[in-house]
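Residue numbers (my numbering), protein chains in the order written: chain A, 1 to 295; chain B, 1 to 293; chain C, 1 to 357.
Since the hints were made in silico from the structure, they are not lab data. Being a predicted model, the structure only gives us computed values, none of them experimental. Please note: incorrect hints may appear among the correct ones.
Heads up, simulated DSS-like pairs for lysine-lysine below, C-alpha to C-alpha not over 25 Å straight-line [unchecked claim]: (1) B:178 x B:115; (2) C:73 x C:184; (3) A:181 x B:178; (4) C:184 x B:115; (5) B:178 x C:132; (6) A:6 x C:73; (7) C:107 x C:73; (8) C:348 x C:20; (9) C:73 x B:115; (10) C:184 x C:132; (11) C:348 x C:254; (12) C:167 x C:177; (13) A:192 x B:178; (14) A:6 x B:178; (15) C:73 x A:5; (16) A:181 x A:192; (17) A:6 x B:115; (18) B:178 x A:5.
Which chain B residues face chain A? A few, computed with CB under 10 Å, are given here [what the hints assert, rightly or not]: (19) 25; (20) 85; (21) 126; (22) 139; (23) 151; (24) 152; (25) 161; (26) 193; (27) 195; (28) 197.
Just so it is clear, CB atoms sit at the ideal spot from N, CA and C, and this is done for glycine as well.
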Amino acid sequence: MLRTKKWRFAILAILPTLAIFAWVRMFPIWETLRLSLHRWDILSADKPFIGLENFRELFQDQLFLNALVNTTIIAFGVLFVTIPAALVIAALIYHRTRSRFAGFYETTVFIPHIVSLVPAAMAWKWIFDANLGPLNALLEFFGIPGQAWLFDPVLSVICIIILCSWQALGYAVLIYLVGFKNLPHTLFEAAKLDGASGIQRFFFISVPLLRPITLYVSVVTLISGFNVYAQAFVLASDSQGAPGRLVRVLVLDMLENAFRNYRVGYAASEAVILLCIVLVLTLVQFGLLREKWNR
Amino acid sequence: MSDSDQKPAVETVPGLGMTARARLTNLTIDIVLFVFGILMVLPLVLLVANAFKTPQEMVAWPPTIIPADPTLDNFRSVLGETPLLRWIWTSLRFSFLSMVAIVITSSIVGYVLAKFQFRTLEVIFILILATAIVPFEVYMIPLYFQAQSLGILNSIWGLLLGYLVMSFGIFLIRQNVKHSIPDELLEAARIDGAGELWIFARIVLPLLRGPLGALAVLSFFQAWTAFAWPIIVTTSRDAYTIEVGLALFQTGFTVDLGRLSAAAAAVLVPSVTIFVILRRNFVQGIASTGVKE
Amino acid sequence: MADVQIRDVHKAYGEVETIKGVSVDAPDGQFVVLVGPSGCGKSTLLRMIAGLEEIDRGTISIGGRVINQVEPKNRDIAMVFQNYALYPHMTVAVNMAFSLRLARTPKAEIARRVAEAARILGLTEYLERYPKQLSGGQRQRVAMGRAIVRNPQVYLFDEPLSNLDAKLRVQMRAELKDIHARLKTTTLYVTHDQIEAMTMANTIVVMHDGVIEQAGAPLELYDHPANTFVGSFIGSPAMNLIEGHCDGQNGAIKLAGEAVVRHGVHGVPAGPVICGIRPEHLAIVEPDADGIDVVVTTLEPTGSDTLVQARLGDQIISAQLRERIAAQPGDMIRLGSAPENTHLFDAKTERRLAATG
């Protein structure tokens, strides 16, 4: 009787939320999986089951493959810029935790992470602007010819990587700072007594001990890199109103297929590929973590 | 300091217990961090500065941070051309409602999952955790059709549909309840004669003020900065959120830099200000995303 | 005021039975201590009395009323938890008044009872503070106060002193005993600390693995432990348990080697026995007296006593000697004890063999 009373409260309390959850989360996820196996167009009434046909077609689709390559380059590019930079910045900030400017350092590094994507991307779009932007002005000041940053496919990808890294850095630094604060302080003191310099302590103690955090931040950075959209939308859209043609990314390709070409099933199978990438990354993370603890 | 035993006292600054070398290192680090911090916010600062500049000053090199001849023309013409205030108002309402929904659902479910041990609830928790890793972009197309069939496209309810629950919020509250509210506290209340709802409202919620604050700030900003979902759900100019409005505004052919900067600044300045005020909540919330069980 | 009767109570979590048929009587106004090692089921039993755990089988009654199906709040009990379970966001006064408010007691009555409890516990000047502004001992008192204001029929304590430091624990022990003497309310008290049990209880119930090993007055348990478990659990340092062989006639037991101890039990059949001797009953004896020759391994002079650890065969024997001794580790000494202080247990069942003397 006592038990049933507690039960009743628990069930009544979570039921509405679970219903919402099933409605706006579970069901759409299930639908994505289902649609990916169908030829599901908005226009035609017939929506037959076609197995993996959508996937087969995708891997022959030049636009999709281009998007996949671009997105992968962006995701890993952001990773390789962000992680080392974040680790160093976090170590420096941690070293100066007691400085009266510590709050200033944390805040300035973190602000790019919280500002809205679009206005931030607009700021960088101006910086990269070939004619008006300060970047080319700076280069020319040093006698280097300016580049058409946002009109060249390769340079545009680099611009997107810079923008995304600038935004991702704050999060990575914050997580690393939590990691640094959780490291046993005595280890650093012991190393100091053993004669390790600051730089040696960083490489021989901080970096290896923070490995699980590095792994976590890397996966989070990669996953958000694979979901890049707004940044490419703003930076790599030309002024003719055909957004994102220059640097095609996965989410953009998916939305174009769904809403411009009305091929919803096809777009859903792109979503499933995105999901698979995320799943693999997550599993790799857990796998590496477990390996670490078992050793 | 251990150094002073072996080395001559010259290296030790009297009274401070810190070697001159260490002080030099700290100074160097301070300078590096200071410059780096300035560089990080410089793009935003310049953008805001541009908003107040005349067209001539905007292309001057080196760029000025404080405009020599500040003007509000850019703002005036943006407000004339776009429903900027309406977009901001939509975003504010959307973010606020999303925050309320997420805080309510997360606190109730997080609490129940933390403190009521039933086999079924474990399964539910694993399910919620598993869907947490699925990015929004993966399931937003079917969700769009759900919004469409409900006839709530181009409305705040359509926007809200994607931001009613937050798996991470449930997880965050569950962890906090587990770690900071001992079972005995709830049992003491039950012996004292409190009902379950009463316990939740008067004991659990007051003790969760910190994490709930963090979650509120996180969920508000999550909706405020949302892009992919609003851009597919809203198709009429009047229904845009500020993010969508800005993104589409800046693709326009005739728009000049001054007006773009003004529009962006109108969004940036308030949100950065709010962030600086709520920094603690924010940092607590974001930091807890990295903390594992 | 009421008594508590526990009749053949069982409790299982899945396959694991944690309470295997327990019956306890706590007469009205008594202070009953449930003691045992961690995991023995004592806390579960207490929580069943409180109504925080379901009772699988058996009955619990308070004042003659079976309360198996009664809500915790209607059982007329108050519980004090190990970590105090004070509501951190409420002041001391509000914490103490909480249950009365829920029961819609009139304001004046609440104020009167809180003031009274605060007076008894010396908390009057702390009423407006928050729990985190108090010391451990003060928090403990607030938890007590919260129980007292309810004026319940039964107090339940779940290891209430475990979070305090050693000195404070001794002090709070005396205070609790004093409060019980004044209020004379039936109390059930769970602890793993046998000294707390010995000093506070009218009746001690020793539990182990979900069953009651022995129940009785503190000194009864000390003098006549029902089995080896109770023998070694009650008393500190723990009783020495030495395997030996009884010759069946002259009250002598041969232990490892040539050692012999005497016992006062009549009619013990010849065969293997377990011989229990408390460290404080051992003394150095003359070389020709009955006793055991042991090799000293460590000596711990505490001032009043000397604690000796010594080796008998491959077994460690401890002795608490009243005198200061000159022996060094490695020396051999001869220890003996009075026959009436030798406890005999069956080698197989580990139960006590008859009564001494």
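Each hint tested on the structure:
1. B:178 x B:115: OK: residue 178 (chain B) and residue 115 (chain B) at ~7 Å, within 25 Å.
2. C:73 x C:184: 21 Å, holds
3. A:181 x B:178: Holds, because 22 Å separates the two Cα atoms, which is no more than 25 Å.
4. C:184 x B:115: 36 Å, violated
5. B:178 x C:132: Holds, at roughly 20 Å.
6. A:6 x C:73: Since the Cα atoms of residue 6 (chain A) and residue 73 (chain C) sit roughly 14 Å apart, the hinted pair holds (cutoff 25 Å).
7. C:107 x C:73: It holds: about 20 Å lies between the C-alpha atoms, which stays within 25 Å.
8. C:348 x C:20: Since the Cα atoms of residue 348 (chain C) and residue 20 (chain C) sit roughly 22 Å apart, the hinted pair holds (cutoff 25 Å).
9. C:73 x B:115: Judged against 25 Å, a Cα distance of about 20 Å means the pair holds.
10. C:184 x C:132: 31 Å, violated
11. C:348 x C:254: It holds: about 17 Å lies between the C-alpha atoms, which stays within 25 Å.
12. C:167 x C:177: 16 Å, holds
13. A:192 x B:178: Distance of about 37 Å is beyond 25 Å: violated.
14. A:6 x B:178: 18 Å, holds
15. C:73 x A:5: 14 Å, holds
16. A:181 x A:192: 17 Å, holds
17. A:6 x B:115: Status holds; Cα separation ~11 Å.
18. B:178 x A:5: 21 Å, holds
19. 25: Holds, because the Cβ-Cβ distance from residue 25 (chain B) to chain A comes to roughly 7 Å (cut-off 10 Å).
20. 85: Status violated, d = 16 Å.
21. 126: 13 Å, violated
22. 139: Holds: closest Cβ of chain A sits about 4 Å from residue 139 (chain B), inside 10 Å.
23. 151: 16 Å, violated
24. 152: 12 Å, violated
25. 161: Nearest chain A Cβ about 6 Å off; hint holds.
26. 193: Violated, about 13 Å.
27. 195: 8 Å, holds
28. 197: 7 Å, holds
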